[in-house]
Amino acid sequence: VSPAAEVYYRPDAEAIARSQLTDFTRFAEARLGRPLADPLALHRFSVEDFRRFWALFLEWSGLRVEGEAEPVCRGDEVETAAFFPGLRVGYAENLLRARDAAEDARVALVACAEDGSAVRLTRAELRERVARTAAGLRALGLQPGDRVVAIGRNTAESVVACLAATGLGAVWSSTTPDLGTEAMLNRFRQLEPVLLFAHTEYPYQGLRRSVADRVGEVAAALPSLRHFVQLAEGEAPAGLALPIRPLAEIDGPPLDDDAWPRLPFNHPLFILFSSGTTGVPKCIVHGVGGTLLEHVKEHRLHSDFGPADRLYFHTSTGWMMWNWQLTALASGTAIVLYDGSVSHPHDDALWRLVADEGVTVFGTSPAYLQYCRDAGIVPRERVDLGRLRAMQSTGSILFDNHYDWVRENVKPLPLQSISGGTDIIGCFVLGHPNLPVYRGESQSLSLGYDVRALAPADAAAGGAGELVCARPFPSRPLGLFGDPDGRRFHDAYFSQNAGVWTHGDYVEISERGTARILGRSDGVLNVRGIRIGPAEIYHVLQDFPEIAEAMAVEQQAPQEPGGTRLVLLVVLRGGAALDRPLTLRIKKELSRRASSAHVPAVIAQVPELPTTFSNKRSEKAARDVLNGRAATNVGALKNPDCLEVIRTHPALQVEAPPSS
Amino acid sequence: MSVAVRQSVIDWLDDNYHFGDAATLIKSDDMSFLDHGVLDSLGFVQLILHLEKSFRIRIDRKDLSRANFDSLGKIVGYVTAHREYQA
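First to last, the protein sequences are chains U and S. Under the working numbering, the first residue of the first sequence carries the number 1, and numbering increases by one thereafter. Under the working numbering, the first residue of the second sequence carries the number 1, and numbering increases by one thereafter.
It is worth saying that the hints were derived from the structure and are not from the lab. By construction, the Cβ of each residue, glycine as well, lies at the ideal position given by its N, Cα and C atoms. Errors might be hidden in some of the hints.
Pair ranges (Cβ atoms, derived) [unchecked claim]:
(1) U/387 with S/84: 24 to 34 Å
(2) U/118 with S/63: 31 to 41 Å
(3) U/484 with S/65: 55 to 65 Å
(4) S/3 with U/648: 28 to 38 Å
Hey, can you work out the whole structure from these sequences and the hints?
Put into structure tokens, the structure is as follows:
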């Protein structure tokens, strides 16, 4: 990180004085009896004495828990340590409670649709709806530990269903209606869910698209299902063996406050999916306490979310940011949801939403900022952004030019690049209310997280390397579902570097504690801000008799939304040629069976794929040459000459970015 | 000229959204793309970038409206006219 990086935004003294981070620092100093002179000192304390840090944070946060707060963390191994084994905690309880009557009367949830309609619920109303639904689910026999899955839009019903189910101790897992049937089943089937919540339609550019058939196929292929709950009106799936229960009829006398079970801190809460280079998607199990504690820390200390805030983070139920923004309710913050196209009925639909709903923190992505730039949208000329105080961005790398675009076209404000992911349901790098924003950099490492850039042994000194977390952290997953001996979990995160969590990103950390994420270090692709596991692409391509081998690789492409494009290299059988009909057939099948995000921007025929002497395909070698770097493992390849064919293939050349 | 623009739009739609079905989907030159799910407005921005590159024209973002772009006929007409003008 260049020490000369430009200061993009500097918080004023008043903002620093009233930030929650300052309040927490004063609290910690008093308890410790020593000063924490600056944010770096606070971070150092938070990792070197992480047990003390988390105990202090829990106390300061006022979260409702019961039981023994000692030990703070049992064990010292990142892979097996367990936080707060003596505590019990309720996720929904902490999200829905009000500190006073005024908070109960304030709007806590605004769910907007692209047709302009909105559902507004005060905290008391939301709590009542969740409590009634939970009573109905309990009457259906839902038990702690049961898996429930949802094909859900970003609406109030999805929130109510999630909080009611998790409030009873069930484990929630959701996906969006536009994911292909096969991809849904590859995820849900592993969980043996007892209940499916589903929307059967979704809005699209003013039309309604039915997914009733898809929902029916999914339900029919899940033999463990005992109940089907339809989240909203719409076409019903035909031929279901189970009765169709509308959400509105899942109802009962609202559970009393003391009827909600408090669960062990390390009881499962959410299961998120991550697809890698081989096998079926991983089912990552996140715990009640770890998720809640980490989110509240990120929200209150790093993002300064409070009761005066309205958060709109653009997400879907299929992305961990949905779970993340939901937890903002626990900080007294109101959340705004949006169900629809980002560009319908107006090309600036999201900016209108930000203005009309008085959003104070807008969470977005580089791909969306790039869309605004390409479409010539200048938000500050179109809407009143007076209440907007900060923006956050995640999904892919936020480049310097995105910072410039925001300053010129939105307003001067803290633009916080946050990054982490599904695997930890939180962030390793994020914002900081007391520090300047440097253009192109995340402001801070996550408090309590011993994030390091592990440089390769042969590298010259410098701050860049593999992102690892070297000490136990509370949002480490409990494990993978269906992996009883933990072998797959170990292989995924702990096999590359002994004793530390290896995340799969490259990061550069500066001496002032700021960070730049440089991209993925593993075979996982990030295309237009969406993580794509090549395994799901290969799975579909197996059914093409013409294709002998295939390799999906991410290529930097500054012109594309998100700055990258998906490239598919194929080796065809028996002298076949990749013609246009075959190209389109491959794309169509990937779109239909996986999702539109799995469709490559380019498909290129090559005579062979880079292969090591141990007969493994080297995606890394292909990625290196496609991104203008020398392949670092040429010596391990038995066919290094194929790299030159890939490097010079006419279809794989990327345009230089515009000079302006 | 207009034949080349037309084919370029159809090829682009096939490559990015319809994978071989674009010509069948577009029933007439004046069928609205937005109303019939041929393209969404995010996709329009990508199409505009493609047309700028392919035909070496600069499309003023103030012209991005249904009146100019929301059918195959309108797109062909706009690009052809502007290409001639800018050339």
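Going through the hints against the structure:
1. U/387 with S/84: 24 to 34 Å: 47 Å, violated
2. U/118 with S/63: 31 to 41 Å: Taking Cβ atoms as reference, residue 118 of chain U and residue 63 of chain S lie about 32 Å apart, which means the hint holds.
3. U/484 with S/65: 55 to 65 Å: 59 Å, holds
4. S/3 with U/648: 28 to 38 Å: Taking Cβ atoms as reference, residue 3 of chain S and residue 648 of chain U lie about 32 Å apart, which means the hint holds.
Violated hints amount to a single one, hint 1; each of the other numbered hints is respected by the structure.
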